[in-house]
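So you can see what is in the structure, the chains are spelled out below.
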Amino acid sequence: MNVVVIGLNHKTAPLHLRERLSYRVEELGDSLKELRAIPSVCEALILSTCNRVEFYSVTDSMEEVSLRVEEYLSRSRKISQGDFSPYLYRLLGREAVCHTFRVASSLDSMVVGEPQILGQVKEAYHAATSVHATGVILNRLIHHAFSVAKRVRTETGVAKEGVSIGSVAADLAEKIFGGMKDCSVLVVGAGEMCKAAVRQFKNRGVSQLNIVNRTLDRAVELAERFQGTPLPWNQLEKALHEADIVITSTGAFEPIFSAPLIHRVMKERRWRPMFFIDIAVPRNVAPEVHQLENVYLYNIDDLEGVVRENRKERMKEAELGEQMILEEADRFEAWLQGLEAVPTIISLNEKLERIREQELQKCAAALQNGAKDPMAEAERMSHAIVNKILHEPLDELKRASRGPERYLYIEAVRKLFGLGTEEKK
Amino acid sequence: MIESLQLTFFSYLLATALLLGYFVRPERFFARGGVIVLFVGALAHLVVLVAASQKLGHLPVTNLSESLSLLSWVVVVVYLVSSSRQSLPGIGASVSLMASLLLLISFYLPKSATLEPQELRIFWFPLHILFSIGGDAFLLVASLGGLFYLLQERQVKWKHLGLLFKRLPSLEVLDELSYAGLAVGFVLLTLGILSGALWAEHAWGKFWSWEAKQTLSFVTWFAYGVVLQGRLFWGWRGRRSSLLSLLGLAALIFSFLGGFLFSSGSHNFF
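If you read the sequences in order, they're chains Y and W.
Using the working numbering, you'd call the opening residue of the first sequence number 1250 and step up by one each time.
Using the working numbering, you'd call the opening residue of the second sequence number 174 and step up by one each time.
What the hints contain is simulated information worked out from the structure, not anything from laboratory work.
Note that the structure is predicted; figures quoted are calculated from it, not measured.
Treat the hints with caution; some may be incorrect.
Said to hold, decoys possible - Calculated cross-link-like contacts (lysine to aspartate or glutamate; reagent style DMTMM-like; alpha-carbon spacing at most 20 Å):
1) K330/W <-> E1553/Y
2) K339/W <-> E1313/Y
3) K339/W <-> E1404/Y
4) K1282/Y <-> D1420/Y
5) K330/W <-> E1486/Y
6) K330/W <-> D1420/Y
7) K332/W <-> E1283/Y
8) K339/W <-> E1491/Y
9) K332/W <-> E1542/Y
10) K1430/Y <-> E200/W
11) K332/W <-> E1537/Y
12) K339/W <-> E1423/Y
13) K330/W <-> D1550/Y
14) K339/W <-> E1582/Y
15) K1565/Y <-> E200/W
16) K339/W <-> E1553/Y
17) K332/W <-> D1420/Y
18) K1516/Y <-> E1486/Y
19) K332/W <-> E1372/Y
20) K330/W <-> E1423/Y
21) K332/W <-> D1493/Y
22) K332/W <-> D1550/Y
23) K1516/Y <-> E1491/Y
24) K330/W <-> E1283/Y
Said to hold, decoys possible - Simulated coverage check for chain W against chain Y, where a stretch passes if three residues somewhere in it have a Cβ under 8 Å from a Cβ of chain Y:
25) 324-334
26) 409-422
Stated by the list, open to error - Examples of chain Y residues toward chain W, derived with CB under 7 Å:
27) Y1321
28) K1424
29) G1427
30) R1519
31) W1520
32) L1541
33) E1542
34) N1543
The beta-carbon is built from N, C-alpha and C at its ideal position, and this holds for glycine as well.
My request is simple: use the sequences and hints to build the entire structure.
Structure, rendered in structure tokens:
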């Protein structure tokens, strides 16, 4: 039995194709049931996000599963096989295991280290377990993937440095002002970029948020969304005096904030630091403002430069994560091999043999020490052997009989020990 | 006691290594480990100081060697207290390195006492020493805060957000550290000078003699007073107050060594 992954992602397939193949969460249950109905597919899980559509399964025959899944995909998404087949990757065994770990750890993501993917994997897994589409191997694989993801996240820096304009700006603000609870943020303009940045600041605990826009309506709209205070344009200078952090994104052609103006403001706030984030093009803050003491001005290019650096940093950290994934894949493989029949037979034999030898020695010792009745000793020994052999299996069976997999266990025991079923009678 | 001193020194060194490790790889292990080892070092150092005091019958500060040792302990304690309020692993290495160096220098300086025992038993003497050394330690930490403020400010101003930027504390925290050090240090320095004058009155019948160390200390005190005034009333903060705190440090070092360099009068030992 081996793990199989068949799918495509942002690296192998264009967006329009990923769109056509993707699954909505509500569809997953029925689709998984259909997949499980295919005889060669023993276990199944579908992971569908905006960057990937992947089928996870467990099988003996890669070719067979691949063929069936592609047929199914073509049928259910109404797209001819030739259109998507060249973009598919088909991974088997160790490669599939590594891939699973990489995906969950966000090393295979478009933005390495982004946190959403783990939640998406959890969602996919939940959908699969709720229709009993997964079994022993995929359950173990996905749980292992969760722990790998946690390990990569905490032991490497893949998710550390911000890789968006907003998070980089917020990181900078934290390095200037320490915490952000006592900071007052002034937002000038209401562009899309601005919203993303404001969200970052809000998430980090900024409480005082003023929003000024030329059209008040949009300021009100933004203020409602982020629990800020909308202010009319003519209040701009007053609001500026209260602000520690200023985010600008207006469409003005000339700078709104000149160096003399900010110099005046700084004097009044007794040179407590100020941080300007100018994401407007053309710029809203005169570049000379950056020369003022205790004033820091970052424009869109500055921030994008940092974003690029941080992406590189994440890539470096991803290599560390890759090492961890190889280690963990070894551990998973070892477990999976333990599941194979031959090693199981060998260890079963060894275990029973040990029990037999122990009891035989005990019996021999008893006879040597002058036990009277050899038959009674033999009787005792045979009881002991049976008890010892059955002790663990029966305990485990009792425990499992309270869980969701009870029928699996009971059926296996009946089959293994030839206990017979209704038909046989 | 020798063992305690060795334990102290090696703890400070090990803490330096761990906190430098934090710089290379900012992990909790290094940050926490460094602070814990530094704490152990400070405890061992306390044992050394208490034992020496008991043996001598007064504080062990009768020569430069002893006062450097006490200074290094107070610096470590000031850092440990500050970092219990606000995690400061990024500047810990510099503190433990400074403590190690001060201790190392103190090992190699002559250890002869120069003051008469009866002068040392006067009530004002230990107060004078504790206030002065405490003030020096706080001002030293203030200067460290200022130094790292300048470094960090340069990263932000020059838009060079590399290793230093990520490891060093925020500007606000460094500024606070520098300010707190300055304020407490100044108060202690004032008390140190006052208690010193009272000690001088009891020991030699004269409050003030304008000897080198006293004069230098007075100048230093005045300089710090101006910096503090500027900070409180004229908005001298951030970069400006950090630069001034470094200038203050120069004056402080000069006056700390002053008596030693221009040896004359009661301060000729340190």
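Hints breached by this structure: The structure conflicts with hints 2, 4, 5, 7, 8, 10, 14, 19, 24, 27 and 32, although it agrees with all the remaining ones.
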